[in-house]
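Based on the provided sequences and hints, a complete structural model is requested.
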Amino acid sequence: MQQCIRFSPNSVENFFDGFYEFYSTLDDLAKLGLGSLTQEEKRELAPILDEITSPRYSADDLVQLWKSSPADVWLTNGKQIRTLFKRAREMIGELDSRQ
Numbered sequence: 001m002q003q004c005i006r007f008s009p010n011s012v013e014n015f016f017d018g019f020y021e022f023y024s025t026l027d028d029l030a031k032l033g034l035g036s037l038t039q040e041e042k043r044e045l046a047p048i049l050d051e052i053t054s055p056r057y058s059a060d061d062l063v064q065l066w067k068s069s070p071a072d073v074w075l076t077n078g079k080q081i082r083t084l085f086k087r088a089r090e091m092i093g094e095l096d097s098r099q
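Residue numbers (the UniProt record's numbering): 1 to 99.
There's no promise every hint is true.
[As the list claims (entries may be wrong)] Dumping the calculated DMTMM-like pairs for lysine to aspartate or glutamate here, alpha-carbon to alpha-carbon at most 25 Å:
(1) Lys-86 x Asp-27
(2) Lys-79 x Asp-28
(3) Lys-86 x Glu-41
(4) Lys-79 x Glu-94
[Unchecked claim] Label pairs and their calculated CB-CB ranges:
(5) Asp-72 x Asp-27: 16 to 22 Å
(6) Gln-39 x Ala-59: 14 to 20 Å
(7) Trp-74 x Asp-27: 18 to 24 Å
(8) Ile-48 x Val-73: 26 to 32 Å
(9) Thr-76 x Glu-40: 27 to 33 Å
(10) Thr-38 x Ser-58: 29 to 35 Å
Note that these hints are calculated values from the structure, not bench results.
None of the values given here were measured: they were computed from a predicted structure.
The beta-carbon is built from N, C-alpha and C at its ideal position, and this holds for glycine as well.
So this is what it looks like as structure tokens:
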């Protein structure tokens with residue numbers, strides 16, 4: 001990874017062991033991850049998500065990034081992590097357009 005990206009604890013604290021039992025779609029998971037963030041935090045997160053979902057970061061980079069986060073659950077598939085982050089970014093864009 002070319003730069004250090006720090007997660008705000010709020011951005012991943014909602015990912016807990018067993019969350020798969022309650023959330024089954026990417027939309028559900030993205031909403032879960034964004035749920036405790038304020039509008040301002042979401043706006044600040046948007047360019048970070050743009051950066052880390054760019055081709056500049058490999059799937060392995062995303063796995064390492066996820067492992068370095070305070071999330072209580074381990075995601076080990078970089079492609080799925082990228083898709084989850086992209087969906088969260090799309091939702092932030094949707095939120096911005098409603099204001």
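Open item on the list: Does the beta carbon distance between Asp-72 and Asp-27 stay inside 16 to 22 Å, or does it fall outside?
Closed with: holds (21 Å)
Open item on the list: Given the hint of 14 to 20 Å, is the C-beta distance from Gln-39 to Ala-59 inside that range or not?
Closed with: Taking Cβ atoms as reference, Gln-39 and Ala-59 lie about 30 Å apart, which means the hint is violated.
Open item on the list: The hint says 18 to 24 Å between Trp-74 and Asp-27; measuring C-beta to C-beta, is that right?
Closed with: holds (21 Å)
Open item on the list: Just to be careful, I want the Cα atoms of Lys-79 and Glu-94 compared with a cutoff of 25 Å; is the pair within it?
Closed with: holds (23 Å)
- [ ] Look at the Cβ atoms of Ile-48 and Val-73 and judge whether their distance stays inside 26 to 32 Å.
- [x] violated (20 Å)
Task: Thr-76 versus Glu-40 beta-carbon gap, inside 27 to 33 Å or not - done: Roughly 31 Å apart at Cβ, these two residues keep to the hinted range, so it holds.
Task: Proposed proximity, Asp-28 with Lys-79 (alpha carbon, max 25 Å) - done: Since the Cα atoms of Lys-79 and Asp-28 sit roughly 17 Å apart, the hinted pair holds (cutoff 25 Å).
- [ ] Given the range 29 to 35 Å, decide if the beta-carbon distance of Thr-38 to Ser-58 lies inside it.
- [x] Because 31 Å falls inside the window, the suggested range holds.
TODO: Decide if the proposed pair is consistent with the structure: Lys-86 and Asp-27, CA atoms, cutoff 25 Å inclusive.
DONE: With a Cα-Cα distance of about 11 Å, the restraint between Lys-86 and Asp-27 holds, given a limit of 25 Å.
Open item on the list: For a C-alpha distance cap of 25 Å, please report whether Lys-86 and Glu-41 respect it.
Closed with: holds (16 Å)
Figure legend: structure checked against the earlier numbered hints; hints not met, in rising order: 6, 8.
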